[in-house]
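Chemist: Sequence:
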Amino acid sequence: MIFSKFKKKLIFVIGSGRSGTHLLGRTFGNSPEIETFIEEDKFFLPITELAAGLNKNASDFDDILSLYKKEFKKSKKKYILEKTHPNIWFVEKIHEYFPKAQFIGIKRNVYATVASMLNHDGVLSWYKRIPLDEENSFLGINRNNLKTFKDLPLESKCAIRWKAHVDRLDYLSEKFPEHVLVINYEDFYDRYPDLMNELKAFLDTDFEIHSEPLNVKGKDKWREQLTDKEIENIDKAIRV
1 MIFSKFKKKL IFVIGSGRSG THLLGRTFGN SPEIETFIEE DKFFLPITEL
51 AAGLNKNASD FDDILSLYKK EFKKSKKKYI LEKTHPNIWF VEKIHEYFPK
101 AQFIGIKRNV YATVASMLNH DGVLSWYKRI PLDEENSFLG INRNNLKTFK
151 DLPLESKCAI RWKAHVDRLD YLSEKFPEHV LVINYEDFYD RYPDLMNELK
201 AFLDTDFEIH SEPLNVKGKD KWREQLTDKE IENIDKAIRV
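Quick note on numbering: full-length UniProt numbering labels position 112 of the sequence shown as 112, and the sequence is numbered without any gaps.
Keep in mind the hints are simulated off the structure, nothing from the lab.
Warning: the hint list may mix true and false statements.
[To be verified] What follows is a list of derived Cβ distance ranges for each label pair:
| hint | residue 1 | residue 2 | range |
| --- | --- | --- | --- |
| 1 | Lys42 | Pro193 | 31 to 39 Å |
| 2 | Glu212 | Lys147 | 40 to 48 Å |
| 3 | Glu40 | Lys200 | 19 to 27 Å |
Positions of the beta carbon are idealized from the N, C-alpha and C atoms, including for glycine.
Let the hints inform the model, and build the full structure from the sequences given.
Modeler: Rendered as structure tokens:
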């Protein structure tokens with residue numbers, strides 16, 4: 001069923017883990033005009049299981065769409081933001097169900113993303129939970145790296161996952177240019193006023209959008225975390 005006349009203005013934040021999706025979600029949460037659903041278990045857990053391929057019953061996403069509609073209708077606010085970043089793999093289904101929905105994806109420097117991944121047990125657990133000898137879009141396992149993936153160092157695995165998500169964002173922004181905006185995490189530091197204006201223009205809001213104060217040291221923290229060998233492995237992984 002398609003809800004083209006759904007009166008709420010829906011915004012979905014998508015991207016890779018550790019790429020700044022939380023920051024982006026909280027940025028919208030700072031606006032009282034927007035109701036935010038940030039990684040709520042009833043959405044986040046089943047969607048992530050589907051995206052990761054641990055639940056292969058694709059029709060279960062239809063139930064999630066119905067739940068979205070039910071929960072969103074309860075809100076008294078016009079703008080609703082949902083932040084389950086693995087929805088990056090279900091944009092087509094969400095767009096079909098909510099044709100007016102908008103999606104904002106975020107990219108982050110590969111080294112910063114991988115450095116953050118390597119320090120996050122939840123991210124690393126996927127390499128134990130998901131079979132590494134099967135193609136898997138969520139991890140970036142494809143026919144080209146299938147035979148070698150499981151033996152790669154962790155930083156290489158994480159870099160491949162990063163590339164899969166960046167490639168997916170590029171694809172979505174080209175396929176749905178009026179509905180998908182992709183921003184750069186670094187712009188929160190380097191182009192803050194312009195970025196806030198871009199977000200406001202994309203959503204066509206009449207209220208201001210602003211993020212929390214940021215520590216400028218956070219942008220390049222990866223330089224103190226990654227070794228030269230890890231950087232070399234990351235470079236090699238994303239060139240393949």
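Chemist: Can you give the numbers of the hints that this structure goes against, from lowest to highest?
Modeler: Violated hints: none at all, because every hint is consistent with the structure.
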